[in-house]
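Colleague: Please construct the entire structure, taking both the sequences and the accompanying hints into account.
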Amino acid sequence: MTHSVLQHYWWFIISLLGAMLVFMMFVQGGQSLAMQLAKDEEEEKYVYNSLGRKWELGFTVLVMFGGALYAAFPLFYSVSFGGAYWVWYIILFSFVVQAVGYEYRTKPDNILGKKVYQGFLYFNGFIGTILLGVAVGTFFTGSNFSVNGITRELTWGVAKDGINLRGLEAAISFNHGALFNLIFGLMLLFLVRVTGALWVNNNITNEAVKEKAQKLAKINFFILLPFLLAMLIMLVTMKGYFVDPKTQVVSLVDGHYLNSLLAGGAYKLIILLIGAVTFVYGVFAGAFQGKRIGFWIANVGVLFVVLAIFMTAGYGNSAFYPSYADLQSSLTIQNASGSLVGLRTMFYVSFAIPFVLLEVGYTWYVMRKPINKEDVEDKHAY
Amino acid sequence: MEHFLATVATDAVANVSGVVNWARAQFAMTIIFHFLFVPITLGMSVLVAIMQTMYYKTGKKEWKATTKFWQKLLAINVAIGIATGIIHEFEFGTNWSNYSWVMGDVFGAPLAIEGIFAFFMEASFGVVSLFGWKRVGKRFHLFSTWMFAIGTNLSGLWIIVANSFMQHPSGYKLNIETARAEMVDFSRIALQPKAIDTFLHQMSSAYMLSATFMITISAYYLLRKRHITFAKRSIAVGITFALLNAYFLFLVGDMQAATVTNMQPTKMAAAEGLFKGEEGAPIVMGMLNPSIKIGDNDKTAVFGIPFPKGLSLLGKHSLNAFIPGINDLVYGNKKYGILPAKELMKRGKVAIDAMYAYHAAKKIKNTSEMKKQKDIFEKHSKYFGYGHLKNEKDIIPPISTVFYSFHIMVGIGSFFMLFFLFMYVKVRKNQILENKLFLKISSITLWLSYIGIVTGWTMAEVGRQPWTVFGVLPTSKSATPIHLTNVKATFFIFLTLFVILGFAELKMMLKQIKLGPDSHEEEV
Numbered sequence: 600m601t602h603s604v605l606q607h608y609w610w611f612i613i614s615l616l617g618a619m620l621v622f623m624m625f626v627q628g629g630q631s632l633a634m635q636l637a638k639d640e641e642e643e644k645y646v647y648n649s650l651g652r653k654w655e656l657g658f659t660v661l662v663m664f665g666g667a668l669y670a671a672f673p674l675f676y677s678v679s680f681g682g683a684y685w686v687w688y689i690i691l692f693s694f695v696v697q698a699v700g701y702e703y704r705t706k707p708d709n710i711l712g713k714k715v716y717q718g719f720l721y722f723n724g725f726i727g728t729i730l731l732g733v734a735v736g737t738f739f740t741g742s743n744f745s746v747n748g749i750t751r752e753l754t755w756g757v758a759k760d761g762i763n764l765r766g767l768e769a770a771i772s773f774n775h776g777a778l779f780n781l782i783f784g785l786m787l788l789f790l791v792r793v794t795g796a797l798w799v800n801n802n803i804t805n806e807a808v809k810e811k812a813q814k815l816a817k818i819n820f821f822i823l824l825p826f827l828l829a830m831l832i833m834l835v836t837m838k839g840y841f842v843d844p845k846t847q848v849v850s851l852v853d854g855h856y857l858n859s860l861l862a863g864g865a866y867k868l869i870i871l872l873i874g875a876v877t878f879v880y881g882v883f884a885g886a887f888q889g890k891r892i893g894f895w896i897a898n899v900g901v902l903f904v905v906l907a908i909f910m911t912a913g914y915g916n917s918a919f920y921p922s923y924a925d926l927q928s929s930l931t932i933q934n935a936s937g938s939l940v941g942l943r944t945m946f947y948v949s950f951a952i953p954f955v956l957l958e959v960g961y962t963w964y965v966m967r968k969p970i971n972k973e974d975v976e977d978k979h980a981y
Numbered sequence: 030m031e032h033f034l035a036t037v038a039t040d041a042v043a044n045v046s047g048v049v050n051w052a053r054a055q056f057a058m059t060i061i062f063h064f065l066f067v068p069i070t071l072g073m074s075v076l077v078a079i080m081q082t083m084y085y086k087t088g089k090k091e092w093k094a095t096t097k098f099w100q101k102l103l104a105i106n107v108a109i110g111i112a113t114g115i116i117h118e119f120e121f122g123t124n125w126s127n128y129s130w131v132m133g134d135v136f137g138a139p140l141a142i143e144g145i146f147a148f149f150m151e152a153s154f155g156v157v158s159l160f161g162w163k164r165v166g167k168r169f170h171l172f173s174t175w176m177f178a179i180g181t182n183l184s185g186l187w188i189i190v191a192n193s194f195m196q197h198p199s200g201y202k203l204n205i206e207t208a209r210a211e212m213v214d215f216s217r218i219a220l221q222p223k224a225i226d227t228f229l230h231q232m233s234s235a236y237m238l239s240a241t242f243m244i245t246i247s248a249y250y251l252l253r254k255r256h257i258t259f260a261k262r263s264i265a266v267g268i269t270f271a272l273l274n275a276y277f278l279f280l281v282g283d284m285q286a287a288t289v290t291n292m293q294p295t296k297m298a299a300a301e302g303l304f305k306g307e308e309g310a311p312i313v314m315g316m317l318n319p320s321i322k323i324g325d326n327d328k329t330a331v332f333g334i335p336f337p338k339g340l341s342l343l344g345k346h347s348l349n350a351f352i353p354g355i356n357d358l359v360y361g362n363k364k365y366g367i368l369p370a371k372e373l374m375k376r377g378k379v380a381i382d383a384m385y386a387y388h389a390a391k392k393i394k395n396t397s398e399m400k401k402q403k404d405i406f407e408k409h410s411k412y413f414g415y416g417h418l419k420n421e422k423d424i425i426p427p428i429s430t431v432f433y434s435f436h437i438m439v440g441i442g443s444f445f446m447l448f449f450l451f452m453y454v455k456v457r458k459n460q461i462l463e464n465k466l467f468l469k470i471s472s473i474t475l476w477l478s479y480i481g482i483v484t485g486w487t488m489a490e491v492g493r494q495p496w497t498v499f500g501v502l503p504t505s506k507s508a509t510p511i512h513l514t515n516v517k518a519t520f521f522i523f524l525t526l527f528v529i530l531g532f533a534e535l536k537m538m539l540k541q542i543k544l545g546p547d548s549h550e551e552e553v
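For the protein sequence lines, the chains are A and B, in the order given.
Sequential numbering of the first sequence, starting at 600, is according to this note's numbering.
Sequential numbering of the second sequence, starting at 30, is according to this note's numbering.
Take the hints with a grain of salt, since some may be wrong.
As the list claims (entries may be wrong) - Partial pick of chain A residues on the chain B-facing surface, computed with a CB cut under 7 Å: (1) Thr-659; (2) Val-662; (3) Val-735; (4) Glu-806.
Hints listed in this document are in silico derivations from the structure and should not be mistaken for laboratory results.
As the structure is a computational prediction, the values presented were derived from the model and not from experiment.
By construction, the Cβ of each residue, glycine as well, lies at the ideal position given by its N, Cα and C atoms.
Modeller: Here it is as structure tokens:
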């Protein structure tokens, strides 16, 4: 297997993990809605116990996503985490407080009180999600850095007309794609709020909360639509970071991402459209018809949409982590990847992924029964 | 705020050593805080699985209540362990971006494998174990508890593999083309002796800490004459487990001492305060001479009780073997073929210069010059890291920190071997309640374990200095080029968070311990 095939293979795995991460972010979406979903303590217990039994899995997918990026594209890890410092630290902080949020929420003597731990979960659901979206947005709009592969010099904030806030500029530097990044972040927020509400509808027996969840799924779906459309329109019309496959020279090309979506028999566009239609159908089934299966249909749609977006960032001669400050410093799946032996080793390791999915799927299946009164009254409940 | 933003925005890295020191402080703080919880998770997950197996086999509801009590404490502990664990994965990129750049191709693989093989197992089966009592069959529930325990322990394995690469790099080569370390043989990274020894040592010390966690809480109950039956059952399990681990730790500690002596002689020399190398070197239990300096050959290095030939036996498993001292490693020793550090640095600089010359030749497409420089590089690449050092004495880690941390760890380990043997006899004779003094000592064994485990890791990590990857990449060249303010700010943010969460965790644990297993009485 050649280095190039392995680089493409690993970008697919990264895309899949990214898609699985957003799939699992219904937990974050649910956290951001918890205050609207639950009006009293009992309703809160339903919501937090339903989401709480899945938080660790989502957290694990995030860790896995990071670990796979580190192993397969170490230069990206170095440049993005070392460069966009504050974006990653705030995301990190939000996940650290999430991890204790559920377990400590109702424990006696937790010092901070239930509301603070719920605040942690809200912060993770709201700010963590938006910033993750902003970070992914920069895969298309670029960041403010230059790198020298030999002297190993990473410089952040080199663009003369740019702002340097160690990554936070991605949300405020409007002459360098902040609008797209913010729209991307908000789109992600409302997307996971929809799937979060659908999950609550799927996974609890309390009818009053389920009704609210269906209503909130509808509201957030309608808020999501303009952001989703704006993101897609901007994506296909913006200048994209094209990598010449022969010379590896990076240049800005009008409509590059549209070309990328249409390339190769338009398979990325087809995946995107299948995902979008499936998502809409899932929302219709879950929010409008109240069916539990709506969550699954919508979230499978999300999986496809996110997969297509990640593949557009890395495939089709695109730089997946471009630099608007120095085009030739942009990271591609070729120049940022691990070595042939490293990727090949990880290729064999990736054979374990189907077994992992089987294990996750089976344990999910055996615990599938919706959260009921007995669960929320259990002494070990969150 | 304005000043803060202004400094963040300034990327002139005026204070590289400041960044390195604060990044190190942040890593030390987060790893120590994380490690307050990890050993309990590693060991308690196994102990809970054993207790649940007892319930499964006997059907006695007392075992169910015991299992649920310890499981609840485990759950509180797991949450904060997970919360603090993710920080390191991020920190490798945020604070140590140059390390990730140079070593990521090798170091990333064990981290990713840890996620695939261990974390998913933990996350999936942990939920079933914690919430599946009434949702799944008894057998699958027990299976899930064991899978959770195996998952947590597997995660320990892979992180030790990653750490062992930093201690003793193998299965890699430096690539002049990409100016980084690249994997050449994964089996040599995963199965190297250092990884196996450290894993066994780490696991048994984590089990020891978990056992003392049970012993301390049970002793507290016994001293207060509360939950006597429960506490006697728990302390018996804990002492048996602790005794087995105390002796196993001694065995694997001995194995590890030999690998450290061979692979990281500077660490062992500092740990034993051995300045002048000798055949049949002794171990001296005592105090380091505060006035001794690198280069002093005539001064007594350690005041205390000597065990003749002890170090040669420990490090080389031979009574008269030569153990190099700090001075031999810095200034060289012709008789034993040890090159002076200055020579290592000179050769390292040759490798660095050859790498730059190679890329300069590549720019102008001078292939013969490229080949020449590549040959020079490959000949000297094993000294590459030394080329970055400024002073020959830099190759020695902070001696007193390594010396005292090592001796404290060994002292506590030796005490445990005797103490738990004595306590085991008491348990067997059903005399555990007879001597209050020993119960009181039992109730502080958890804190002794913590001191032992933290000093052990201090010896391992500080003893690795001045390297992030031993002999290949100096710590001073591993940090992110960033203004110091950023690293300081994140340090204090996490310090504040840890103080709050640590206090909350302690209060909750104490509350649960106060409530005791009676809170699970409905199970009995």
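Colleague: Work down the list of hints and note, for each, if the structure agrees.
Modeller: Right, here's what the structure says about each hint:
1. Given hint, Thr-659 of chain A at the interface with chain B, holds; its Cβ is 4 Å from that chain's nearest Cβ, closer than 7 Å.
2. Interface restraint check for Val-662 of chain A: the shortest CB-CB distance to chain B comes to about 5 Å, inside 7 Å, so the restraint holds.
3. With a least beta-carbon distance of about 16 Å to chain B, the hint placing Val-735 of chain A at the interface is violated under the 7 Å criterion.
4. Interface restraint check: Glu-806 of chain A against chain B, minimum CB-CB distance 21 Å, threshold 7 Å, status violated.
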